[in-house]
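**Student:** Work out the full structure, taking the sequences as your base and the hints as a guide.
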Amino acid sequence: MTYEHHEYDVVIIGAGGAGLRAAVEAKQQGLSVALITKSLLGKAHTVMAEGGMAAAMGNVYPEDNWKVHFRDTMRGGKYLNNYRMAELHAKEAPQRVLELEQWGALFDRTKDGKIQQRDFGGHRYARLAHVGDRTGLELIRTLQQKVVSMGTDVFMECKVLKLVHDLEGRIAGCVAYWRATGEFVTFSAKAVILATGGSGKSWKFTSNSWEGTGDGHAMALWAGAKLIDMECIQFHPTGMVWPLSVRGLLVTEGVRGDGGVLRNSEGKRFMFNYVADMFRAETAETEEEADKWYDDHTAGRRPPELLPRDEVARAINAEVKAGRGSPHGGVYLDIASRRSPEFIRRRLPSMYHQFMELAGVDITKEPMEIGPTNHYIMGGVQVDAESAETAVPGLFAAGEVTGGMHGANRLGGNSLSDLIVFGRRAGLGAVAYVQAGAVAREMNMAEVEAAVAEALAPFDAEEGENPYDIQRDLQEMMQANVGIIRTESELLEAAAALDAFSDRLKKIKVKGGRAYNPGWNLATDLPAMLAVCQCVTRGATLRQESRGGHTREDYPNADPTFATFNLAHRSDGGNWDSPIFTERSPLLPIPAELKALLEEAH
Amino acid sequence: MTDVTLRVWRGDASGGDFEEYVTEQNEGEVVLDLIHRIQATEAPDLACRWNCKAGKCGSCAAEINGKPRLLCMTRMDQLPEGPVTVTPMKTFPIIRDLVTDVSFNYRMAEKVPALLPPPMPEEGYRMFQEDVERGQEFRKCIECFMCQDVCHVIRDHEENKTNYAGPRFFIRYAELEMHPLDTNDRRDFIREEAGLGYCNITKCCTEVCPEHIKITDNAIIPLKERVVDAHYDPVAWLGRKIRRKTKTKAADAAVQPAP
Numbered sequence: 083m084t085y086e087h088h089e090y091d092v093v094i095i096g097a098g099g100a101g102l103r104a105a106v107e108a109k110q111q112g113l114s115v116a117l118i119t120k121s122l123l124g125k126a127h128t129v130m131a132e133g134g135m136a137a138a139m140g141n142v143y144p145e146d147n148w149k150v151h152f153r154d155t156m157r158g159g160k161y162l163n164n165y166r167m168a169e170l171h172a173k174e175a176p177q178r179v180l181e182l183e184q185w186g187a188l189f190d191r192t193k194d195g196k197i198q199q200r201d202f203g204g205h206r207y208a209r210l211a212h213v214g215d216r217t218g219l220e221l222i223r224t225l226q227q228k229v230v231s232m233g234t235d236v237f238m239e240c241k242v243l244k245l246v247h248d249l250e251g252r253i254a255g256c257v258a259y260w261r262a263t264g265e266f267v268t269f270s271a272k273a274v275i276l277a278t279g280g281s282g283k284s285w286k287f288t289s290n291s292w293e294g295t296g297d298g299h300a301m302a303l304w305a306g307a308k309l310i311d312m313e314c315i316q317f318h319p320t321g322m323v324w325p326l327s328v329r330g331l332l333v334t335e336g337v338r339g340d341g342g343v344l345r346n347s348e349g350k351r352f353m354f355n356y357v358a359d360m361f362r363a364e365t366a367e368t369e370e371e372a373d374k375w376y377d378d379h380t381a382g383r384r385p386p387e388l389l390p391r392d393e394v395a396r397a398i399n400a401e402v403k404a405g406r407g408s409p410h411g412g413v414y415l416d417i418a419s420r421r422s423p424e425f426i427r428r429r430l431p432s433m434y435h436q437f438m439e440l441a442g443v444d445i446t447k448e449p450m451e452i453g454p455t456n457h458y459i460m461g462g463v464q465v466d467a468e469s470a471e472t473a474v475p476g477l478f479a480a481g482e483v484t485g486g487m488h489g490a491n492r493l494g495g496n497s498l499s500d501l502i503v504f505g506r507r508a509g510l511g512a513v514a515y516v517q518a519g520a521v522a523r524e525m526n527m528a529e530v531e532a533a534v535a536e537a538l539a540p541f542d543a544e545e546g547e548n549p550y551d552i553q554r555d556l557q558e559m560m561q562a563n564v565g566i567i568r569t570e571s572e573l574l575e576a577a578a579a580l581d582a583f584s585d586r587l588k589k590i591k592v593k594g595g596r597a598y599n600p601g602w603n604l605a606t607d608l609p610a611m612l613a614v615c616q617c618v619t620r621g622a623t624l625r626q627e628s629r630g631g632h633t634r635e636d637y638p639n640a641d642p643t644f645a646t647f648n649l650a651h652r653s654d655g656g657n658w659d660s661p662i663f664t665e666r667s668p669l670l671p672i673p674a675e676l677k678a679l680l681e682e683a684h
Numbered sequence: 153m154t155d156v157t158l159r160v161w162r163g164d165a166s167g168g169d170f171e172e173y174v175t176e177q178n179e180g181e182v183v184l185d186l187i188h189r190i191q192a193t194e195a196p197d198l199a200c201r202w203n204c205k206a207g208k209c210g211s212c213a214a215e216i217n218g219k220p221r222l223l224c225m226t227r228m229d230q231l232p233e234g235p236v237t238v239t240p241m242k243t244f245p246i247i248r249d250l251v252t253d254v255s256f257n258y259r260m261a262e263k264v265p266a267l268l269p270p271p272m273p274e275e276g277y278r279m280f281q282e283d284v285e286r287g288q289e290f291r292k293c294i295e296c297f298m299c300q301d302v303c304h305v306i307r308d309h310e311e312n313k314t315n316y317a318g319p320r321f322f323i324r325y326a327e328l329e330m331h332p333l334d335t336n337d338r339r340d341f342i343r344e345e346a347g348l349g350y351c352n353i354t355k356c357c358t359e360v361c362p363e364h365i366k367i368t369d370n371a372i373i374p375l376k377e378r379v380v381d382a383h384y385d386p387v388a389w390l391g392r393k394i395r396r397k398t399k400t401k402a403a404d405a406a407v408q409p410a411p
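Sequences listed follow chains A and B, in order.
Count along the first sequence from 1, add 82, and you get the number used in the working numbering.
Count along the second sequence from 1, add 152, and you get the number used in the working numbering.
Incorrect hints may appear among the rest.
Claimed, not checked - Covered by chain B, according to a simulated footprint, are these stretches of chain A (three or more residues, beta-carbon under 8 Å): (1) 113–124; (2) 180–189; (3) 323–331; (4) 591–597.
Just so you know, the hints here were simulated from the structure itself, not pulled from any lab data.
These numbers come from a predicted model, not from an experiment.
Where a beta carbon is used, it is the ideal one built from N, C-alpha and C, also for glycine.
**Tutor:** As structure tokens, then:
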């Protein structure tokens, strides 16, 4: 068959923070660039990020610098990080934040006119550049406007199905369809950058938008790249729990950074009972000491509410399990009794409206009911820290779709800065690869035809299942068996269930035509969702310890032997139903001078 | 849990009609929850655009009982009893069902003359909270395009779409004009290409803004004062010369080292 066809030097899949930043860089270097997004431009999940982007600019605490940021990131990640990514991120984030202002961003200011920085969990100093609680919107709009002003070609509501190689195995482009018409389109490219974000939509309660179906994770796996740390999933401690219709919706960590505290049904600030040894020396022991810290970080140690997210989420889970939860199965997040209504409305305007309009709760007067929600996947495509290149020639990746930067647990605020640091690096990496010249020439059309046939199969079925039923069952199964606390028996149950889902995916029946058909669109997302679930479940089964965003009831402690490698998954065959193999991939050894930073007492 | 009737417009560019769905409604649910329930059960091909379901991305704008609303922020229990009518935004061409072709807005975005700041000093620009706040109000915009949908200049006059940017872009121009770092001069462009003069300040845009941006009072009227009046009024013309100096001065201040 013949398809609509486009040719570019660099094709970027995904138009959130990482994809947009990569586009700016590749375009600035003079290459032809296509930006493909399955939604409209400016709607990607980045838009939902609230609290801020972490960068050791030292505007509020001059003591802050990249070394402290590096240390905080590695400790937060429980040392499973690719140290070089964490190092580059800490060093480059300040410059990446500053350059956003050249493109029109308007951050909140300090009294002396610099970019204001706020406190967040796991960060030693107030470090998050922000705009109230809508920092993600500011980031995406700034980059969107920059990309548009550069005249970049943007393909909106265009869903990429699969990456395509040349006959030598290099990446040569991709095959996609327009959501509006259902017509297929091919893109040939010398380099492809994956910037597709996360995969939370495979769980029932998530802060992710519908797009978080792990498309890029799966496409990389099928194309021959490796996925690492897939068991490490961040359950954000504070998602809404009521009403049910908004369960999982994010409540920014900024609430706690700005003075909010967690209480159980007895009114107690329970986090004081959940301080792990690793953080004891830097955490306050009494409410009095903790409260002094907000105004002056030298007057007391950090409140335990601002421990890294994995610690706080587990504590909330334990309180609810012990019967000290709120009526709808969460705990209370209270800022009303601690800050003035004016302060709350000025610092947290979106949270104020979100609770007022969706839950009928006035957060300046009442506490919020919150509980953990699937928020972020630390795992993803294994890349080279400097160039963002994957194991497949011509394939690059940046942002949430990658693994390594955040180790076993991401600190709040490190995601937006990750996007701009490694989005730029992926752009530069792709440019260098294209300029070196050993690029793919022609797409292997057999791969295109196979992807098209697979996508159309659900129309041909005489009878079969509604894709929405399969999605719902998958979400419920993963929520129940591969949630915040895991155990071997449930993981084995999940693995068996996933085999059954694989069979169900072969028997989907789609109603209606190809033009803007959400049922069909979902059917084309499901193979990627399944691939992510399989890798997460395999990783969670094999990592017989608890570390960061991976908690095993049957192995409750961290085991030093597991601190030396990532679990890496690869596909044998490259089809969505091909077998997956998992191996140990040793961590990069940390140079002595950086190791010394980690061990420094603070 | 109760049952409720939704009348949803279904069709494409060639035409269409209302279809009725009776579906369950639970406590706290928004219109989008019910659309999703209909998709998951009887009509998996019902086209509806959405992303975040939290009022932050602006994808799910449609008309509920004839008024532009975000489907994800409209609670069922706040609508009057009886059937709820859901139709696509009227100002834009239909793609399918509730999904419209909003490319008009992206074309208008391409025309915006970009921010032109002075070179950045190594330690970054200096700007003060009171100076960035005016622009921050406009940057809250989630691009739901409901202000565009409700604007009579294009809602009732297709022919105006070639030379009228609409309220969404008037706030963008206001933001750039008030930006502490900007040195670009867009006033002729705003009058001639963006068609600011067509707006007759009926405030419909302000009324539908889900971010409660005071589009008319804080963006359009000040812009008109600067742009339209400046063109016809010799006194304003003089003011314009003076103001250009002020604008350059503000940008200069942002690159001075800290005292």
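**Student:** So, for every hint listed, does it hold in this structure?
**Tutor:** Here is what the structure says about each hint:
| no. | hint | in the structure |
| --- | --- | --- |
| 1 | 113–124 | holds (count 4) |
| 2 | 180–189 | holds (count 8) |
| 3 | 323–331 | holds (count 6) |
| 4 | 591–597 | holds (count 5) |
The earlier numbered hints are all upheld by this structure, with none contradicted.
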